[in-house]
Every structure is written in structure tokens, then in C-alpha cells.
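Q: As a plain string of letters, each chain reads:
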Amino acid sequence: MKNKILFIALLLFISFCLVVFFKSLNNSNVYIPDTPNKTVKEFKSKSLFSEDEISSEKILVNSDYYILNIWSSWCGPCRREHPKLMELSQNPSVKLIGINYRDNPKNAKNFIKKFGNPFSFIFVDTNGVISIELGAYGVPETIVLNKDKKIIKKFVGYLDDKSFKELNFILK
Amino acid sequence: MIANQIGYYSLTLGLIFSITIIPILVKNYNQHTQIIDKRIFSISFFQFFFVLVSFFGLVISFINSDFSNETVYNNSHTTKPIFYKISGTWGNHEGSLLLWLLVLTFFIFLFLIKSKEQPKKYRILTVIFQQIIIIGFFLFVLITSNPFNYLFPIPKEGLGLNPILQDPALAIHPPILYLGFVGSSIIFSSSLAAIVHRYISKNWAYHIKSWILISWFFLTIGILLGSIWAYYELGWGGFWFWDPVENVSLMPWLSLTALLHCILVLQKKTALTSWTIILSISTFILSVSGTFLVRSGILNSVHTFANDPERGLFILFFLFFLIFLSLIIFSIFNKNKSNNEFIKFNLISKETSILINNWFIMYFLSVVIIGTLYPIFLEVLTNEKISVGPPFYIKLILPFLIPFLIFMSIVPYLKWVKSEFIKVNVELILLFVLCLIISFLIFKYFGFESLIISILTPFTFYLFLTTIKDFLSKNQKNFAQKISHFGFSFLILSILLNSIFSSEVIVNLKEGEKFSFKGGTIIFNSLEENNGKNYKSIIGNFEINDNKNYSIKLKPELRIYNQPSIITSEADIKTSLFNDKFLVMNSVKNREYFNVRYQVKSFMIWIWISALILAIGGLFSLKKKLYEK
Chain Y
5 MKNKILFIAL LLFISFCLVV FFKSLNNSNV YIPDTPNKTV KEFKSKSLFS
55 EDEISSEKIL VNSDYYILNI WSSWCGPCRR EHPKLMELSQ NPSVKLIGIN
105 YRDNPKNAKN FIKKFGNPFS FIFVDTNGVI SIELGAYGVP ETIVLNKDKK
155 IIKKFVGYLD DKSFKELNFI LK
Chain V
6 MIANQIGYYS LTLGLIFSIT IIPILVKNYN QHTQIIDKRI FSISFFQFFF
56 VLVSFFGLVI SFINSDFSNE TVYNNSHTTK PIFYKISGTW GNHEGSLLLW
106 LLVLTFFIFL FLIKSKEQPK KYRILTVIFQ QIIIIGFFLF VLITSNPFNY
156 LFPIPKEGLG LNPILQDPAL AIHPPILYLG FVGSSIIFSS SLAAIVHRYI
206 SKNWAYHIKS WILISWFFLT IGILLGSIWA YYELGWGGFW FWDPVENVSL
256 MPWLSLTALL HCILVLQKKT ALTSWTIILS ISTFILSVSG TFLVRSGILN
306 SVHTFANDPE RGLFILFFLF FLIFLSLIIF SIFNKNKSNN EFIKFNLISK
356 ETSILINNWF IMYFLSVVII GTLYPIFLEV LTNEKISVGP PFYIKLILPF
406 LIPFLIFMSI VPYLKWVKSE FIKVNVELIL LFVLCLIISF LIFKYFGFES
456 LIISILTPFT FYLFLTTIKD FLSKNQKNFA QKISHFGFSF LILSILLNSI
506 FSSEVIVNLK EGEKFSFKGG TIIFNSLEEN NGKNYKSIIG NFEINDNKNY
556 SIKLKPELRI YNQPSIITSE ADIKTSLFND KFLVMNSVKN REYFNVRYQV
606 KSFMIWIWIS ALILAIGGLF SLKKKLYEK
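Chain order of the listed sequences is Y and V. Under my numbering, residues 5 to 176 are what the first sequence spells out, in order. Under my numbering, residues 6 to 634 are what the second sequence spells out, in order.
In case anyone wonders, no lab produced these hints; they're calculated from the structure. Hints are supplied without guarantee of correctness; some may be wrong.
As the list claims (entries may be wrong) - Below, in silico cross-link-like pairs of lysine-lysine (DSS-like), each with a Cα-Cα straight-line distance of 25 Å or less:
id	chain 1	residue 1	chain 2	residue 2
1	V	553	V	449
2	Y	118	V	125
3	Y	50	Y	166
4	Y	113	V	161
5	Y	48	V	390
6	V	214	V	125
7	Y	88	Y	6
8	V	121	V	32
9	Y	110	V	161
10	Y	176	Y	166
11	Y	117	V	119
12	Y	6	Y	50
13	V	121	V	43
14	V	273	V	420
15	Y	50	V	161
16	Y	166	V	43
17	Y	110	Y	48
18	V	541	V	523
19	Y	45	V	560
20	V	273	Y	158
21	Y	158	Y	169
22	Y	45	Y	158
23	Y	27	V	390
24	Y	8	Y	88
25	Y	42	Y	157
26	Y	158	Y	50
27	V	125	Y	157
Source: prediction; values computed, not measured.
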């Protein structure tokens, strides 16, 4: 009898641990670097669709918010978040700018042709320098800037439903 | 590219073998012969062989920098030295799990061919339990962390291995630690098989002891290497930080150490059976929990390769499946034995003392478990974030270390079954008085630390001297035990002296500046720049003059890696017999001022050496066992 009670108590305790661990799995522990109010420095690069070098200062104008999205055609998660970017591009107060990270231009163009172009401009970042200067950790990454080109939010990794909601909340 | 495909298909074949072997095992279990079906041996061998092929497939992809493989792309780079390309294979989540599988399949094959004297049913049951674990890991690898994911279009260049993982000690740390962890899985399966088959006996204890020793040896060395790496590479300036990830490897070690002692009682007296089983099960459960905590990203640290909730979920359910499975088996099959378990122990005997040793270890284990898991529980239940640091562990462990040390210095003199009170020996009293004098002199000349440390010091010396005395005595029985106990007392002594004598200076300096402190002067002579294979480095030339006009030169480095772009600081450490001089610099603003941390760490090298001696004791014991056969 005593053994049975002990056994049941143990089972209950272990189940409790299971629940706690399960819940803690959902607590996000993704490290998002603190970059409050850092202004994005000017950078220059070619556009994906033309050969001229253009400065970011000419692109980052006339909008309440800018979103820099670092992507690549070979990156699976980028493909997954693409529909969300397409949805975002409908928002008139936002200007989406793509940074095509270490990609083959041909593949990148095919990617855009196939899945649609949410970006108002795409910078080519062949050697990855622009992304690294922006403090990127990998692809994809989404950086939200305000009117004054200050970073207000950074999403490392692809935009899932939760971060997409958060993003829309910021843009309201 | 071909290596990649071969790797993937051999891995799948390995899983198919796992599934086909189970019905054969069950059929063979029910047959009345005493011989194990030959097919079981061959399937087990092929399973190991194909996982090995798959592992080499991944290694070759890494060597060739085949970036069509996602794992290679994420963790390698063409400019990396070949040695780190190879070690990069297991320096990431997917590859390290493949290594787990490799060791799992190798060990079960080894178990099969090395357990010929054991009863057939017990052997087959062990293989069945082990195959359940193996299938779990196969599914985990193939479903959530396939190391052979294909990327198209093929990237030109990889993202690179985290530079702090590019270190020789770390290159061999994971494989060795895994040998320990996976060894404990054999102990787990075989103890479950032994309960079901009612085979918990002297024979079993004798047979499983080699597996316990193997796992214990590798686990000890694995932890030691990790600790050395943290000291040299992370520049934290110590050997143990009570970081959750370190604790996670300490937990199975403590449980295994308790088991190592307790199995002796089972072997001699057929007592403590349930307790032995509980320890066997908990060691492996703690190993898997460690994997879960580290890999799910619940604990944030350098070991967290991936924060993928799907993976965490899989290990979590697998872990609790194993826990419930073992609990149910234990409660069903261990029932009728519990009555005659209370064999009376004499108060003063080796059995009792081993039991007390186990209670101490269990106490240390619970402190570590609570310190590691409490923050997780608290965050879920109350949303409050806390972190448990070294003071918690030190406060709870130190006071109990004193009786533990006293106890340890007495116990080896006790005999099995019944022992007289130890004769009060003049020699031992003299030895103790000597220890008191040494400790008194230390505190007189080097200052008083705290009450507990000052009580601890004479006892540590005492244990140390008695283990040396044992070592020199003519009676060479239990030679392995003497080595290990000597190693342990030496380890405690080195840690204690390290904490008493170490000193530290932290200062911000510019090139050409000087700083004087109590023990000497730090001179920052110049800066130079250098280019490594995949990094650029800034080297500071420092000179330390102590008060006796003795000077040393130290050259700490800042490395700026290009792929991924990370700055690491490499400490420069001058190791000598009695202390390590440790200097690390970090750039503060615009690389003009540097934050300089200079530490004198006493007896550092002895901590590594003594831990090594501790492990070697285990090896001796294993060797002795193999010779006896």
C-alpha cells in the first residue's frame, strides 16, 4: 500500500516536471541583440536588376518605416517567410528593401519571378559585407527602421506567426 | 555530393536494421536454446557498419567543403584548417547526434560479443532495450536533425564554425564525453534486463562493473577536457563556473560515481540491489536530460547549437518515455524482492560506509540538480527570471565537504562485514597535528579567508597525507582505488589552495602605459597586428615585473575571425609548477584603451593533473578486471 502511494506520488511528480519542461520549451530564448536607436550607416551596392551602384541614402526616403530583409534564394526559411513579406508589401506606410545575401543573381531573379517581388528595391550583397555591417547573424533577418533610419527592432531568423504579429503591431 | 547521398542512405539502412532486429530478438528470446541467433550478431554488426559509413560520409563532406550539404554549409568554411574541418563534423547539433548514434551502435555490438558468459535471455533483453533507445535516436536524427539536408542552389561559401569551438581540447571533448554518456545507456538497458530476468546478482555486478568503469573513465576525461577548454579558450579564468551546461555533465558523473561504489557492495554481499538499479537508471536518465536541456535551448550557453522547439519536444517526450518505461518495469518486477532486502549491516563496516558515501554524493547531486533546474521551474510558474551562481553551490556544498573528507580518510581502513573500531594510531594523530600546523602557517602568512575554509584546510591536508601514506604502504591491495582516492584528495587540495592563493588585477590601459599594484607592475609595451589563416589578430606585448625584479612577457591576443565575423580574446597563460600567470585583454572603445585582466592562479596545473590521476585510477581498475578473466 505504502509502495503504491509512493509510486503514484512519483508518477505525479514526474508528470509535473514534464508539464513544466514542456511549457519552458515555448519560452523563447532566442538571443536578440540590443541595438536601440542605432542609425543605419550609408552603404552602396548594385541593384539586382541593374548595373549601377546606388547609395542607401537614395533609397531610404519618403516612408514612415523601412524594413530591411536579408534573404537568399538558397535559404529555405526565406522561402517560408516570403508570403508574409508579400503581405507586408501591401502596407503603404512601409518600404521594403531586400538585401540579397551571397547569392547567384540568376537564381535570385528566378526566385523573385517565381514567388513575387515584395521589395521596392533589392541590393546585391555578393560578399556579405553589407549584412555583416548591419550586424546580421545569418539569413533571413529582418530589421525594422523608423523614419530617421534608426533600428527599432530586429528579427533574427524567419518571421513566424508570432513575430509577424509583433511586427504588424510595431507598424500600426 | 556522392558522400552526402551515401551518408543519408546508410543512415536510413541503419534504422531499417534496428526495426528488423527486434522481431528476431523476440523470437530468439522465446526459443529454448541457450544460443543467440547468429543473425543478431550480423545485423548488429551491419547496423554499426552503416552508421559508421554514414558518419564518414559526413566527415568527407566536411573535408571537401561540400556546401550542398546544409550542415556543412552552416558550420564550415573553405579557409578553415583541415583539423577543424574534421572536428566541425561533431561540432554542431546534427553531426554530434550522428556521433551519439555511432557510439550507441558500436557499444551494443561490443556488449553482444563481450558478454558470452551471461544468460541468453538477459543478453537479448538488454539488446532489446538498447535497440529501443537506438530507434529513438535514429528517428530523432532523421526527422528533426538530418545531417544530410540538401541545399540547392549550392552556396559558394559556408558560414564557418564558431571560432570559440576551434580548439584542440574541444575537438576531442564531445566524442569522449559521448563515450561516457552512451556507456551509461548500456548500464541502463542491462539493469532493466536484469530486473526483468531477475538476474541482479554478484555475477551481474561483476559483469556490469566494466561498463561502469568505462563510462566513468570517459565521462571524467570528457568533463576535464571541457573544463580545460573553458579555462584556456573562454578566458573566464577558472576551472569550474557552475554554468548550467557544466552542471548538466556533472549530474550523471555524480550518479555514476555513487554507482561505482555501490556496485562493490552488490558484488560482495548481494545487498543494495534496488539502490543499484535506481542509480543505473538515473545515470542514463540524467545524461538524456542533459542532452534535452542543452539541445532544446532552454539553457542558453555556448553549447546551444540550435533553438528548435521541435527538437526539444522530441527529446522531451523520448526522455519521459524512458522514465515511465523504467519506472513501470521497476515497479512490476522489483516487488517481491523488497522484503528480504534488509540484510543487516554492521554500523562499522565497509558496506555502511559505502552507503554513507552514497548519501553524501546524493546530497551533492541534489544541490546541483536544484541549482540547475530551479530557475526553469520558477520561470514557468511565476514568470520570474533568476540565475543561480557559484555562491549558491559553494555555500551548500562546502560545509558538507568537511565531514565527507573526514569520512573518506577513515573508511579505506574498514573491512567488509564487520570491523573493529580503528585503533587510535600515534602515527595518524601526529599526521593530523602536522596538518593543523600547516594550515595555521598558511593562514598566518597569507591571511584568513573564512571560517569554513579554515576548517576545511586541515582536513583536506589530512586526507591528502593519508592517501599518500596508503599509497606508499606495502599492502598493494586495491591499488586502483588508492590511485583514484589519491587523485580526488589531491584535486580537492589543489582547488582549495587555488582559491586561497589566487589574486587578480583589472585595469584599463593604453599602449605604452604602466600600472603598479601590490605584487608588481604591468607594462603595456606595444601592439602588433598579424594575419592568421581565417582571422586577423591584434597582439598586445605586456611585461609583468614582480617585486623581486623578475619579469615575464605575456602576449594576449584579440582575434577577428572573418567567417562568421566574431571577435574572440585569447588569453596568454604562462604555466609553471606552482602558478599560472593569466592575462587577457579586451578592447574598449576604438581600440585605444584596453581592459586588461591579470590573474595569478595558483596550482592550476595540479587541478588538471589530479583529475587525470582520478580518471586513471578507473582505468587501472578496468585493467585489473580484464586480467582477472
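Q: Does each hint hold? Answer for all of them.
A: Verification of the supplied hints:
Distance hint between residue 553 of chain V and residue 449 of chain V is fulfilled; the C-alpha atoms sit about 22 Å from each other, no more than 25 Å. The suggested pairing of residue 118 of chain Y with residue 125 of chain V is violated, with an alpha-carbon distance near 61 Å, which exceeds 25 Å. Under the criterion of a C-alpha separation no larger than 25 Å, the hint pairing residue 50 of chain Y with residue 166 of chain Y is inconsistent with the structure, at around 33 Å. Distance check on the hinted pair: residue 113 of chain Y and residue 161 of chain V sit about 17 Å apart at the alpha-carbon level, within 25 Å; holds.
Simply put, residue 48 of chain Y and residue 390 of chain V have alpha-carbon atoms about 43 Å apart, too far for the 25 Å limit, and the pair is violated. With a C-alpha separation of about 19 Å, the suggested pair residue 214 of chain V and residue 125 of chain V falls inside the 25 Å cut-off, and the hint holds. For the proposed pair residue 88 of chain Y and residue 6 of chain Y, the alpha carbon gap of about 58 Å is over 25 Å, so the pair is violated. Between residue 121 of chain V and residue 32 of chain V, the direct Cα distance comes to roughly 19 Å. Compliance with the 25 Å bound is thereby established for this hinted pair.
A C-alpha spacing of about 14 Å is found between residue 110 of chain Y and residue 161 of chain V, which places the hinted pair at or below 25 Å, so the restraint holds. Between the alpha carbons of residue 176 of chain Y and residue 166 of chain Y the distance comes to roughly 16 Å, so the proposed pair stays at or under 25 Å and holds. For the hint pairing residue 117 of chain Y with residue 119 of chain V, the CA-to-CA distance comes to about 62 Å; that exceeds 25 Å, so the pair is violated. Simply put, residue 6 of chain Y and residue 50 of chain Y have alpha-carbon atoms about 77 Å apart, too far for the 25 Å limit, and the pair is violated.
At most 25 Å may separate the alpha-carbon atoms for a hinted pair to count; residue 121 of chain V and residue 43 of chain V meet this at roughly 13 Å. Of the supplied pair hints, the one linking residue 273 of chain V and residue 420 of chain V holds, its CA atoms being roughly 12 Å apart against a limit of 25 Å. The straight-line distance between the Cα atoms of residue 50 of chain Y and residue 161 of chain V is roughly 19 Å, inside the 25 Å bound, and the hint therefore holds. Taking the CA atoms of residue 166 of chain Y and residue 43 of chain V, the gap is about 55 Å. The hint is violated against a cut of 25 Å.
At roughly 21 Å between alpha-carbon atoms, residue 110 of chain Y and residue 48 of chain Y fall within 25 Å of each other, so this suggested pair holds. Between residue 541 of chain V and residue 523 of chain V the CA atoms are separated by roughly 35 Å; this puts the pair beyond 25 Å, and the hint is violated. With a C-alpha separation of about 34 Å, the suggested pairing of residue 45 of chain Y with residue 560 of chain V is violated against the 25 Å cut-off. Our distance criterion of 25 Å between C-alpha atoms is broken by residue 273 of chain V and residue 158 of chain Y, whose separation comes to about 63 Å.
A distance of roughly 14 Å separates the Cα atoms of residue 158 of chain Y and residue 169 of chain Y; the hinted pair therefore holds under the 25 Å criterion. At most 25 Å may separate the alpha-carbon atoms for a hinted pair to count; residue 45 of chain Y and residue 158 of chain Y meet this at roughly 16 Å. Distance hint between residue 27 of chain Y and residue 390 of chain V is fulfilled; the C-alpha atoms sit about 15 Å from each other, no more than 25 Å. Straight-line distance between C-alpha atoms of residue 8 of chain Y and residue 88 of chain Y comes to about 54 Å, which puts the hinted pair past the 25 Å bound.
Under the criterion of a C-alpha separation no larger than 25 Å, the hint pairing residue 42 of chain Y with residue 157 of chain Y is consistent with the structure, at around 10 Å. Pair hint residue 158 of chain Y plus residue 50 of chain Y holds up; C-alpha atoms about 24 Å apart against a cutoff of 25 Å. The suggested pairing of residue 125 of chain V with residue 157 of chain Y is violated, with an alpha-carbon distance near 63 Å, which exceeds 25 Å.
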